[in-house]
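Student: Respectively, the protein sequence lines represent chains A and B. Quick note: to get this note's numbering, add 896 to the position in the first sequence (first position is 1). Quick note: to get this note's numbering, add 79 to the position in the second sequence (first position is 1).
Think of the hints as simulated: they come from the structure by calculation, not from any bench. Please read all numbers here as calculations on a predicted model, not as lab measurements. Do not rely on the hints blindly, as some may be mistaken.
To be verified - Computed cross-link-like contacts, DSBU-like style, restricted to lysine-lysine with a CA-CA straight-line distance of at most 30 Å:
1. A:K934 to B:K180
2. A:K949 to A:K934
3. B:K150 to B:K135
4. B:K121 to A:K905
5. B:K150 to A:K915
6. B:K188 to A:K937
7. A:K949 to A:K905
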Amino acid sequence: DTEVTQTPKHLVMGMTNKKSLKCEQHMGHRAMYWYKQKAKKPPELMFVYSYEKLSINESVPSRFSPECPNSSLLNLHLHALQPEDSALYLCASSLRVSGETQYFGPGTRLLVL
Amino acid sequence: GESVGLHLPTLSVQEGDNSIINCAYSNSASDYFIWYKQESGKGPQFIIDIRSNMDKRQGQRVTVLLNKTVKHLSLQIAATQPGDSAVYFCAEGLIRGGYQKVTFGTGTKLQVIP
């Protein structure tokens, strides 16, 4: 298995909703990442997990809460989002957290109403 | 501040011709550089990378050139095909304290004309 999968593909939520994005990889990678990509813009790093521990938080608002329950899974819990949070949320993984190629999933397209 | 940028937002190339996508960077401390391809509705796909101590690296139909003197990076695609149509991002990799941070440039859209 050489891919990163993400669910759901699309998500529409209201500003009072709580939802979660899921990411999974079975490549034995020990580093996992969340990126946010607005339309026609490059991906921007949000979080980095290394060996299931949060290593980097790029000053992301607390309404985004990441979780890494095991080495294959990465979640992003969403609560009280704003319309400007609408974007493509990309998950990536790499063998280790330092200097290794990152492989991206297809993303979850999120719309906040 | 540090930035990774591209010279051209859109590049149109005839099928079969060679494509050259350029990228300027400003952080001379970057450890490596990566080229990603992103097709519509998909996540970025790794194409090729190059360490900062190299000036050229070749892959299948692709070549990356790094000129540290002028802080310039390019991706050459040989015999461009319709399937090469996508947005191409150069990205800068920094390794500090055992962690890597990848910063993406603004992207170039490659349109292949059949």
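Student: Against each hint, give a clear statement of whether it holds in the structure.
Tutor: Hints, one by one, checked against the model:
Proposed proximity of K934 of chain A and K180 of chain B is supported: the alpha carbons are some 19 Å apart, at most 30 Å. The hinted pair formed by K949 of chain A and K934 of chain A meets the criterion: a straight-line CA distance of about 26 Å does not exceed 30 Å. Pair hint K150 of chain B plus K135 of chain B holds up; C-alpha atoms about 14 Å apart against a cutoff of 30 Å. Between the alpha carbons of K121 of chain B and K905 of chain A the distance comes to roughly 10 Å, so the proposed pair stays at or under 30 Å and holds.
For the suggested pair K150 of chain B and K915 of chain A, the alpha carbons sit about 43 Å apart, so the restraint of at most 30 Å is broken. Restraint check for K188 of chain B and K937 of chain A: the C-alpha separation of about 12 Å stays at or below 30 Å, so the hint holds. For the proposed pair K949 of chain A and K905 of chain A, the alpha carbon gap of about 26 Å is at most 30 Å, so the pair holds.
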